[in-house]
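Colleague: Sequence:
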Amino acid sequence: MLTALVLLPFWTSLMARTFAWVVLLQDTGVVNGLLAAVGLGPTRLLGTTAGVSIAMAQVMLPFMVLPVYAAMRGIDRRLVDAAMGLGARPINAFLRVYLPLSLRGVAAGATLVMVLSLGFYVTPSLVGSPQQSMLAQLISVQVNQLLDFGAAGALAVTLLVVTLVLVAGVQRLTRTGGAPAALVGGTAS
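Numbering (numbering that gives the first Met the number 0), first residue to last: 0 to 188.
It cannot be assumed that every hint is accurate.
So the derived label-pair ranges between C-beta atoms look like this [what the hints assert, rightly or not]: (1) MET71 - THR48: 26 to 32 Å; (2) SER52 - VAL169: 33 to 39 Å; (3) ARG88 - THR48: 35 to 41 Å; (4) MET83 - VAL22: 44 to 50 Å; (5) LEU94 - ALA35: 44 to 50 Å; (6) GLN57 - ALA35: 17 to 23 Å; (7) GLN144 - GLY118: 17 to 23 Å.
Think of the hints as simulated: they come from the structure by calculation, not from any bench.
For glycine and all other residues, C-beta sits at the position ideal for the given N, C-alpha and C.
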């Protein structure tokens with residue numbers, strides 16, 4: 000049931016979801032109505048970084064949840080039970096056994112979301128404002144309105160280099176030589 004809820008955004012087009020967020024976040028929208036009902040008053044969300052973050056989080060949620068879910072499903076629950084059987088409290092068993100084993104899924108999801116967000120164009124352009132544009136929007140303005148292909152190329156190469164450096168950094172951080180020695184019964188050297 001929860002997986003179906005996470006996959007629900009994939010069943011509608013990105014443009015329809017973005018226009019729905021425009022309607023929800025406007026000054027007379029449902030979100031402002033709910034904020035006013037709980038006493039937070041009307042807040043300007045459309046055309047702000049907060050509004051773009053809310054809309055992009057909803058769009059990117061499945062790209063983060065699915066790799067984390069896949070990594071968590073692959074973890075043997077008996078490892079946590081074994082840690083608790085050896086005297087660890089549940090929170091310590093989670094932090095020292097389960098969380099480290101799920102970090103590869105977290106890293107995969109975070110990398111996927113980061114790479115997709117760097118090139119995001121539709122949602123920030125409709126929900127956000129020109130004063131707070133993302134790099135993909137700046138490249139589009141350089142090419143389509145200013146006809147400054149050199150600046151657009153420099154921005155695109157910078158985006159590519161930053162993306163490659165971040166992906167290489169995540170890959171280096173998540174690379175291990177196999178299972179930790181404590182998990183397979185060996186000794187740490």
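Colleague: Give a verdict on every hint.
Modeller: Tested hints:
{"no.": "1", "hint": "MET71 - THR48: 26 to 32 Å", "verdict": "holds, 31 Å"}
{"no.": "2", "hint": "SER52 - VAL169: 33 to 39 Å", "verdict": "violated, 21 Å"}
{"no.": "3", "hint": "ARG88 - THR48: 35 to 41 Å", "verdict": "holds, 40 Å"}
{"no.": "4", "hint": "MET83 - VAL22: 44 to 50 Å", "verdict": "holds, 48 Å"}
{"no.": "5", "hint": "LEU94 - ALA35: 44 to 50 Å", "verdict": "violated, 40 Å"}
{"no.": "6", "hint": "GLN57 - ALA35: 17 to 23 Å", "verdict": "holds, 21 Å"}
{"no.": "7", "hint": "GLN144 - GLY118: 17 to 23 Å", "verdict": "holds, 19 Å"}
The earlier numbered hints that this structure contradicts are 2 and 5.
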